[in-house]
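Colleague: Sequence:
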Amino acid sequence: MVDDGLKSQDIVPLVSPALPGEGKFKTVYEVNGKPALRIAYIHPDEAHTSYLAAIALMSKTELRFVLHPGFLEPGKLSNYKTADQITKADLNGLVATFNSGFKFKDSRGGFYTEGIMAQPLKVGSAAFVIYADGHADIGSWGKDMKMSATVESVRQNLSLLVDNSVVTPNLDENEQSKWGFTVKNAYYVARSGAGVTADGNIVYVAGNALSVKSLANVLQAAGAVRAMELDINPDWISYMWYSSATQPSPEKLFKFKREVDRYLNPSSRDFFAVYARSPVTLP
39 MVDDGLKSQD IVPLVSPALP GEGKFKTVYE VNGKPALRIA YIHPDEAHTS YLAAIALMSK
99 TELRFVLHPG FLEPGKLSNY KTADQITKAD LNGLVATFNS GFKFKDSRGG FYTEGIMAQP
159 LKVGSAAFVI YADGHADIGS WGKDMKMSAT VESVRQNLSL LVDNSVVTPN LDENEQSKWG
219 FTVKNAYYVA RSGAGVTADG NIVYVAGNAL SVKSLANVLQ AAGAVRAMEL DINPDWISYM
279 WYSSATQPSP EKLFKFKREV DRYLNPSSRD FFAVYARSPV TLP
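Numbering-wise (the numbering used here), the sequence shown opens with residue 39 and increments by one.
Wrong hints could be hidden among the right ones.
[Claimed, not checked] Only pairs whose alpha carbons sit at most 30 Å apart, straight line, appear in this in silico DSS-like list of lysine-lysine: (1) Lys290 with Lys126; (2) Lys114 with Lys141; (3) Lys251 with Lys119; (4) Lys251 with Lys293; (5) Lys143 with Lys290; (6) Lys251 with Lys290.
No lab work stands behind these hints, which were simulated from the structure alone.
Please take these sequences and the hints and turn them into a complete structure.
Modeller: See the structure below:
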């Protein structure tokens, strides 16, 4: 265990033999000399050894999260202070951006931000919650968290993949209807998810050949005590981290389909942005 504020530890590979450096975290962003964003890669299963799942571990103490609305979902942008893209004013201290969940009609959940309930929240649905101080949490709405004066944003999507550090049973059953329809009904597709660790850090996982179960397994291996699926299919998944504190230059976490500057332009769908809480230094 590394005593550096992020408290990350390397991931035990799920497949043997492991590649050199597989599961080893690399710090790509520091705040006040402390690791704020670390990335790692592991094989998700024995069937797809030519693919790696990408992991981004984000510090609760050094970073803050913002939910950006999209111009179609939730739409009605004039209702929000936050834009549907990363604006010039947002660039200072920008650390990362990443995709949110399904379209509202498919998410089996709600959307709330800036005091506006664009889609009703559902008890029992998995929720990515951002609080007024900028920290985030993930859990089952109504059990792990509920509405309060300190809740800034809630994005729901399906049900939890991991709860109390345990992968949800029977994830392979009725996969399409429960966990989202895929291109050509493929089993292994581009998927993404997010979880919260026991220390309160947020972990994002994505890859181009993941089943629901392998996504959950990687989230669990990365230390998630609770985790949820985010968007799926190549057109919708993206995670970029930014290599400059004042003039951010986006870099892809892994080889995904969308443009690396996706969120520097107006987005039809909502997305998450991650910022340093204070001045940053790059390692």
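Colleague: State for each hint whether it applies.
Modeller: Cross-check of the supplied hints:
no. : hint               : result
1   : Lys290 with Lys126 : holds, 20 Å
2   : Lys114 with Lys141 : holds, 16 Å
3   : Lys251 with Lys119 : violated, 37 Å
4   : Lys251 with Lys293 : holds, 21 Å
5   : Lys143 with Lys290 : holds, 29 Å
6   : Lys251 with Lys290 : holds, 24 Å
Hint compliance for this structure: hint 3 alone is broken.
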